[in-house]
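Colleague: Can you make the complete structure from the sequences, with help from the hints?
Order-wise, the sequence lines are chains X and L.
Under our numbering, the first residue of the first sequence is numbered 7, with each subsequent residue one higher.
Under our numbering, the first residue of the second sequence is numbered 7, with each subsequent residue one higher.
Just so you know, not all the hints are guaranteed correct.
Repeated chains share a single entry, so a pair holds when one copy, or any two copies, can fit it.
Said to hold, decoys possible - In the DSBU-like style, the derived pairs of lysine-lysine whose C-alpha atoms are separated by at most 35 Å in a straight line are:
#1 K270 - K82
#2 K58 - K281
#3 K82 - K132
Hint data in this document are derived by calculation from the structure and do not stem from the laboratory.
One letter stands for each residue in the lines below.
Number of protein chains: 2
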Amino acid sequence: MRYIFGSDIGGTTVKLGLFDEEGNLLEKWEIPTNKENKGESVPGDIADAINKKIEERKIDRADVIGLGIGVPGPIKSDGTVLMCANLGWGIFNVNERFSKLLGFPARAANDANVAALGEMWRGGGKGCNSIVMVTLGTGVGGGVIVDGRILAGEHGAAGEIGHMRVNDDETRLCGCGGHGHLEQYASATGIAYLATEAAKKNPGSKLASFEKITAKDVFDCAKEGDETALGVIDEMSRILCLALSHVAAAVDPECFVIGGGVSKAGQILIDSLKKHYGPNLLNALQETDFRLATLGNDAGIYGCARMVLDVR
Amino acid sequence: MRYIFGSDIGGTTVKLGLFDEEGNLLEKWEIPTNKENKGESVPGDIADAINKKIEERKIDRADVIGLGIGVPGPIKSDGTVLMCANLGWGIFNVNERFSKLLGFPARAANDANVAALGEMWRGGGKGCNSIVMVTLGTGVGGGVIVDGRILAGEHGAAGEIGHMRVNDDETRLCGCGGHGHLEQYASATGIAYLATEAAKKNPGSKLASFEKITAKDVFDCAKEGDETALGVIDEMSRILCLALSHVAAAVDPECFVIGGGVSKAGQILIDSLKKHYGPNLLNALQETDFRLATLGNDAGIYGCARMVLDVR
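Modeller: Structure (structure tokens):
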């Protein structure tokens, strides 16, 4: 039996997974992310955790195919991390560092891209070869998979769709310092903002009864038929679909896979996106499917495993 | 010595090229495109022209590596043409049809994508592996090259950037039936429209003295310092760069290569695009270069040759 390790590095924890070579997840666990000293102990901590698991399970090291790594920052296709504000890392080659530490091949990519690969392989995008993953959480992230491979981009920034400028007239600042960016409307925070504004204008809406409206409140009220909440979802969908139509003009994917906390809204979100997507587009592109992500926080470790299988 | 043929099928003529295996263009010629009977004679006509050349040059068929074909319509990465309004073709596999006719490997792709590949290989994008080609002509076309390969897209429509919706408020209709599309502002026709509107508001501009303003007039006047013409180029650049910033968020290319008739304006266009590009973008993406295409109408046959070399 042969094995693959996946390690998805987050700002608070590192998610680890052990897979067999068919891609079945045998075990998953977590270790804390130690951000002290510019995150310099992170590679060693991960190597220790993996070595411990190898020992515990009495795995022959020769049977380990490799390690996949998801990194929270832009990273080039050769494994060079360029900037990793979340961890404090400088510029170095992550593949080389981990291979040296562990003695078997290691391959790293951006965490959003790795999650996209995982969803394509074993999640919402199963059966597809080319997807765009859209993560609607606190911010908006994305990952582009073409012909089964991650599109990393020259500056490691392909799929960074959250900061597409979709509204020139916006005066509020985005977290990045720009304004009118996609994540100001389509993230959980963005939806809450749109809803708060809408509630002010529609005091009869149930939304107006919340002290602090969350994205979940908006979808819950919409499911109950609240017109104002439905209007907010329409607005958010219109803006998101305009941005996704631009992405489709560039890469023409088989489907969009929608993940992140906001995607817990489920089918109501998918239906709204399908409704707003077509009118922006050439006929050829209107058939693109929308699906929900299914792997949640495990998408990253699945994608890590797939990366290792791809280069084997 | 070994040979490659390239054939770039246009609505009026088919451009043909004979290359050696280093990719040097040995000879180029044209035949008319016969669009009668839904273009059914086109494959045979091309095969005849190639067979004639093989005979004329006394080439051993065993020394022909293959034929690359540029098709004016969406085509999948396996060579299936989906719709080819320009020629009248139905759905069939172009690779198979031509291989059967000629007895050596054939590989087809969309003409804009093939031109992009040619520019990456031997033209304005030389030295790069990942480019986005932007063709500013009567319309606006595009092609995306990632890691040296054409990104075809699921519906063969990747890089079809001309119909990105960049202005919701536009009332004029685009040729495709939509409105507010990129090519309504950044094509030669679009620039002429912007200039005509601007000239009405600025009767003192030299632009107001033309009976019918062309894109070339706009750039000529701008080079002479005409403020109104400079304003038109600013407006066109602002809109084009917004669209290209969206494309960059998806694919993060090394550079944009600008071709088509409008690109004859030269450095003034590149400078204007560089000026308007950065502010739309995350820092990581602001370094993306802008270059002029250099191969003109030969870009397609060069791209055809490169496709054949890639699959050898």
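Colleague: Now look at each hint and say whether the structure bears it out.
Modeller: Status of the hints after comparison with the structure:
1. K270 - K82: Both ways: K270 and K82 sit 31 Å apart in one copy and 34 Å across, limit 35 Å.
2. K58 - K281: Cα proximity of K58 and K281: none, with 50 Å in one copy and 54 Å across.
3. K82 - K132: The answer is both: 25 Å in one copy and 20 Å across copies each meet 35 Å.
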